[in-house]
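*Asks:* So the protein lines, in turn, are chains A and B.
If you use our numbering, the first sequence corresponds to residues -18 to 237, in order.
If you use our numbering, the second sequence corresponds to residues 2 to 176, in order.
If you're looking for bench data, these hints aren't it; they were derived computationally from the structure.
Possibly wrong hints are sitting among the right ones.
Derived list of chain A stretches under chain B, where covered just means 3 residues or more per stretch with a C-beta under 8 Å from a C-beta of chain B [claimed, not checked]:
no., segment
1, 18 to 32
2, 37 to 45
3, 50 to 56
4, 133 to 140
5, 150 to 161
Note that the Cβ used here is the ideal one computed from N, Cα and C, for glycine as well.
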Amino acid sequence: MNAGHEPFDTLASLHAVRALDGQDLREFEAHVAAGCARCEAAVRHTEQALARAAMAGPPETPPPSVREALLRRAAPRARGRGGWLPWAAGLATAAVAAGAVSAEYVATQYESRLGQMARETRAARERLAESEATLREEVDAYRGAVDLLRDPTTRMVELRGQAGAAGAVARVLWTEKAGGMLVATKLPPVPPGKAYALWTTEGEAPRAAGVFVPDESGRATLKVAAARASTRVVGVTLEPTEGAAGPSGPVLLAPR
Amino acid sequence: MSTAGADLIQDMAAGDRDALARFYDRYAPLIYPLIRRILHDPADVAACLQDVFWESWQRAARYDPARTTPEAWLVTRARELAVERMRSARRRRDLTSFEPRAVPPGPDGDRGLDRNVLARVFERLPDPQRETLELAYYGGLTQTEITARLKQPLGTVKTRLRLSLDRLRDMVKPA
Chain A
-18 MNAGHEPFDT
-8 LASLHAVRAL
2 DGQDLREFEA
12 HVAAGCARCE
22 AAVRHTEQAL
32 ARAAMAGPPE
42 TPPPSVREAL
52 LRRAAPRARG
62 RGGWLPWAAG
72 LATAAVAAGA
82 VSAEYVATQY
92 ESRLGQMARE
102 TRAARERLAE
112 SEATLREEVD
122 AYRGAVDLLR
132 DPTTRMVELR
142 GQAGAAGAVA
152 RVLWTEKAGG
162 MLVATKLPPV
172 PPGKAYALWT
182 TEGEAPRAAG
192 VFVPDESGRA
202 TLKVAAARAS
212 TRVVGVTLEP
222 TEGAAGPSGP
232 VLLAPR
Chain B
2 MSTAGADLIQ
12 DMAAGDRDAL
22 ARFYDRYAPL
32 IYPLIRRILH
42 DPADVAACLQ
52 DVFWESWQRA
62 ARYDPARTTP
72 EAWLVTRARE
82 LAVERMRSAR
92 RRRDLTSFEP
102 RAVPPGPDGD
112 RGLDRNVLAR
122 VFERLPDPQR
132 ETLELAYYGG
142 LTQTEITARL
152 KQPLGTVKTR
162 LRLSLDRLRD
172 MVKPA
């Protein structure tokens, strides 16, 4: 055993429970970054031991609402407003019906006002939920970008605007194992029914890596899936919104 | 080595939502007691549990089976997210106010934690080691915070933590 390494064995144990701080944390991170496989393995073994112990207990059923919310959150984001409109319509109907059967004018007024307040509250909740979902998506995108920038295997390809999109700039950051993302700015708006399409190739014909539409400021991001083999970015063309089997529209962004 | 958990993560990385549901069904009942042990508020526990699996869905493509097991990947992150949530609440109070505590009964009654292996492993540690490890693992305190909390030298805290984790590794060594 290497006696000089002993202090790092202690730091590795503490790091597995994230108890290191200050100078010890900086020294340990630098030591591991310098390539100490022994410390990496020690942290991993301690984490695995803690996981085995934590998971060996009797299972407990979480509230079903957690599973439902998770799967809703992971669903494609094409969510409509149909969820609350029927509810609000039903509430309005109930309010109207209450008014009809009530002989009291004041009661009718209150019912109507309550119904309106309920609709407004519901609509405000919906707006808040959508804002929260948008924020979460943005945070996830930033986290993804940070992860990519930290990964030494990440590659970056810069794309420049061509005729029809002069001034536009895009970068594709990705690793073949984990995929990545395209970030574009100064994109011209697309005509109705059209979208930008990113094309990549793994040596043969270009394949679609996704379509995207810029926001009002001309910015867009697109998640790029992991590849099975070495991938090359071909460019961005203008295609129908539903995508195309192969590039058919004008090339608007191409690698430098 | 490929395991059922690793296969599910691979399917999740390919965007398979059914795999996420199966992954949740397989692991959520095992992770839930740990999160309940760290967080007080049932709403916080539920939100944290959802975040753990949401993050595993988001980061599935980055999981490397050669580096860690699905269980360690999930438990390590679950504990970190729970501690982050607890610490952000604690920042509004005293930074070192964590008190080791009994866990409130869950939906399955109170039997869960008493029989929890991690809790039993902790019980078998000498008191000073157990207390120090609880403050770090469940309380999310760093070595400096534990030093202030226990009024013990930093070296003593580090030694107790290392010895307790050495013992824990021995106690749960795979057969």
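*Asks:* Is the listed coverage of the segment 37 to 45 of chain A by chain B valid when you require three or more residues with a beta carbon under 8 Å from a beta carbon of that chain?
*Replies:* Satisfied; 8 residues make the cut.
*Asks:* How about the segment 133 to 140 of chain A: do at least three of its residues have a C-beta closer than 8 Å to a C-beta of chain B?
*Replies:* violated (count 0)
*Asks:* Do three or more residues of the segment 50 to 56 of chain A come closer than 8 Å to chain B, measuring C-beta to C-beta?
*Replies:* Coverage by chain B holds for the segment 50 to 56 of chain A (6 residues, Cβ < 8 Å).
*Asks:* Tell me if chain B covers the segment 18 to 32 of chain A under the three-residue, 8 Å CB rule, please?
*Replies:* Since three or more residues must qualify, the claim that chain B covers the segment 18 to 32 of chain A holds, with 8 doing so at under 8 Å.
*Asks:* Would you say the segment 150 to 161 of chain A counts as covered by chain B, given the rule of at least 3 residues with C-beta under 8 Å?
*Replies:* holds (count 3)
Checked against the numbered hints listed earlier, the structure breaks hint 4 alone; every other hint is satisfied.
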